[in-house]
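Go by the hints and put chain B onto chain A.
Here is how the chains run, residue by residue.
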Amino acid sequence: MSAANWRGAMNVQTPRPVASGRPPAGGTPAPRPRRFTNPIRPRHILVLAFLLAYPWFAPPFFTFQIGAQALALGLIALSLTFLAGAGGMISLAQMTVAGLTGYMVAIFGTAATDGVTLGWPWWLAVLIGIAVGVAAATFIGWLSVRTEGIYTIMITLAIGVAFYYLALQNYAVFNGFQGVQKVFPPTLAGVYWRAPTPFYYLTLGCALAGYLFVVYLLRTPFGIALQGIRDNPRRMHALGFNVTAHRVAAYSVAGVIAAVGGVLFTWYNGLVTPGSVGTGWLINILVIAVLGGLRHPVGAFLGAIVFVLLQNFAIDVIDRERFNLVIGVVFLVIVLFSRDGLLGWWAALSARMSTHRGESPWTAARKRSYARSSPSASSPS
Amino acid sequence: MTRFWRGFWTLLIGIPIVALAAWGLQDNARLFVITFLNGLTLASLYFIVASGFTLVFGLMRNVNLAHGSLYLLGGYLGFYTAQFTGSWLFALAAGFAAAAVVGLAMQVSIFRFMPGQDLRQTLVTIGLSIVIADLLMWAIGAQVHQMSPPAALDGPLRGLPVIRAYSTYRLTLLPIGIAIGVALWLFLNRTRIGMMIRAGVDDRAMLAAAGVNVNLVFATTFAIGAGLAGFGGVIGAVELSMVPGEDTRLLLASLVVVIVGGMGSVVGAAVGAAILGLAETYGLAYAPTYSVVFTFVILVLVLAFRPRGILGRPA
Chain A
1 MSAANWRGAM
11 NVQTPRPVAS
21 GRPPAGGTPA
31 PRPRRFTNPI
41 RPRHILVLAF
51 LLAYPWFAPP
61 FFTFQIGAQA
71 LALGLIALSL
81 TFLAGAGGMI
91 SLAQMTVAGL
101 TGYMVAIFGT
111 AATDGVTLGW
121 PWWLAVLIGI
131 AVGVAAATFI
141 GWLSVRTEGI
151 YTIMITLAIG
161 VAFYYLALQN
171 YAVFNGFQGV
181 QKVFPPTLAG
191 VYWRAPTPFY
201 YLTLGCALAG
211 YLFVVYLLRT
221 PFGIALQGIR
231 DNPRRMHALG
241 FNVTAHRVAA
251 YSVAGVIAAV
261 GGVLFTWYNG
271 LVTPGSVGTG
281 WLINILVIAV
291 LGGLRHPVGA
301 FLGAIVFVLL
311 QNFAIDVIDR
321 ERFNLVIGVV
331 FLVIVLFSRD
341 GLLGWWAALS
351 ARMSTHRGES
361 PWTAARKRSY
371 ARSSPSASSP
381 S
Chain B
1001 MTRFWRGFWT
1011 LLIGIPIVAL
1021 AAWGLQDNAR
1031 LFVITFLNGL
1041 TLASLYFIVA
1051 SGFTLVFGLM
1061 RNVNLAHGSL
1071 YLLGGYLGFY
1081 TAQFTGSWLF
1091 ALAAGFAAAA
1101 VVGLAMQVSI
1111 FRFMPGQDLR
1121 QTLVTIGLSI
1131 VIADLLMWAI
1141 GAQVHQMSPP
1151 AALDGPLRGL
1161 PVIRAYSTYR
1171 LTLLPIGIAI
1181 GVALWLFLNR
1191 TRIGMMIRAG
1201 VDDRAMLAAA
1211 GVNVNLVFAT
1221 TFAIGAGLAG
1231 FGGVIGAVEL
1241 SMVPGEDTRL
1251 LLASLVVVIV
1261 GGMGSVVGAA
1271 VGAAILGLAE
1281 TYGLAYAPTY
1291 SVVFTFVILV
1301 LVLAFRPRGI
1311 LGRPA
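So the protein sequences, as listed, match chains A and B. What the first sequence shows, in our numbering, is residues 1 to 381, in sequence order. What the second sequence shows, in our numbering, is residues 1001 to 1315, in sequence order.
No wet-lab data here; the hints were simulated from the structure.
Which stretches of chain B does chain A cover? Using the computed rule of at least three CB atoms under 8 Å from a CB of chain A, they are:
id, stretch
1, 1115-1122
2, 1128-1135
3, 1292-1298
Which residues of chain B face chain A? A partial, calculated answer using Cβ under 7 Å:
id, residue
4, Val-1063
5, Thr-1248
6, Leu-1252
7, Leu-1255
8, Val-1256
9, Thr-1289
10, Leu-1303
11, Pro-1307
Using N, Cα and C, we set each Cβ at its ideal position, and we do this for glycine too.
Extracted from the complex, chain A is given alone in its bound form:
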């Protein structure tokens, strides 16, 4: 299977026209509509208001276990959504980047485990953690962009599992099986940031920033070139774009998002162990991203909410131990019956609802979903 086919399969619908993102050479730039953000619709305000007001009516369990966990996991999954949706590269090592960052924060900062931690100030530990995470993501990207499609999945899986065994067997740095315990966010400005409500707002702030960053990035020349490379790397290469550099850069950017998510997820758990970078979690991040849908950054958070809800409540329906069965079956059903996760179902649903003149419902829905999700379709050049 050729690269173009693969990337075509990633792009679940018909190929979009690719905007070059650069003004045509030697002429006045075509007047572009001054739209740097999506049009704000009532539902955006509704969702934002709901998210902001959430801790005020939800009990602490829902604020912390459901809300904050879903947002932190969603942020890690967002990095995969960006890589896969915009770049056409499915990396299973995003949790490895997040976990490595968590380990670094724990090792350089303060934790309960003696002999491992260095006890540096929390902000330095977080900065070092994110820097190491981004470096690791870049390295993983550099390794895996040599490969395409299914090879990428396999190589990133192999890298992720290799890191899992390293963390499991190395006691000098990673403290082996036990990992590092009691890694908590600091008390700052009189607020203990691990209390449910402050921690919820912390994750919400990071998640919103990550989401807006990705939405913005998809409209920059870099993001548009990346989507062009996803659709047709050979043509982009012929146009003078450095395909490899763009792909590695995409891994680095996704690494930043995954690293921030990793810090939050480690603080949420209060510990980091080899189990949190094991195969189960590597796959879970993929499950979350695919469950939500890869066509738009919001899919990552949708998937995370469904995942966390299932994790907490599906066990009441069946059995505490059978969570994997439930999530596996849900995942199978979504993959088998939807083209693009929950967002795919949403598109199909709104297509059935809408009656646009002269257009088939599917085309109408697709157009609207393009207008929402992709800058390249709304301003073809």
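Quick look at chain B alone, frame taken from chain A:
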């Protein structure tokens, strides 16, 4: 690559390996030889499982990440068959048959409906592997199952030079692995069905036009590939043990083997399995903490210089 560079790389990689081997032999010959045999027998198991994976992927472009689950399924079924009938050969047959039937069901009900959609196949098989692993854990539990070797192969083989004694069962794995490899190679390259399979991979439509039932040919291949995973499971149930988590371990081993060796090549799978098996056991024997890192370094080196694997061809 010119002849000079080939020689250069052979020397660059070969000299340290030969030097380390000489040091190991001189330092503790018994440990060195036993580790060598352990590595080769582990490689034999890896080869059996990975050859099924490479058959399915390399020839049919079907990505089956539930391969490890089939391994576990075959191992468990072999265990219970051996307990029930007391025959190791029956267990082997049961493991092969069970995995082949499940694989066939997967091919007929899922893969046939998404030809060429690598991503969806991957996702579906990941979902399947989660479900199968959990169902197996539900039905059988998380305790360790270890099969005893057949009576004829039980106990050590004595009177060997240097190492004095070695497990008969493990030594038998070597000829089994070689026999399976040779049989697969002959099957693909010297029989009519093998010819059809290779032709179907190159041009499916033309083969169908020539009057061959392509679906049947591909279903057979898939069943054989899946069956090899179950067969490996029964062998692994004696050599290693059966416990939840082994499925991902063997899946990962298969992945590394086919990545290092080159996708779709039976000979490549043999080379990859030998490298991985030897690297793992030597790592465990001489530097236990970092044995995984050796595997990883090999993977990185191969990818950096031969992105399609040692014997891989462009897709």
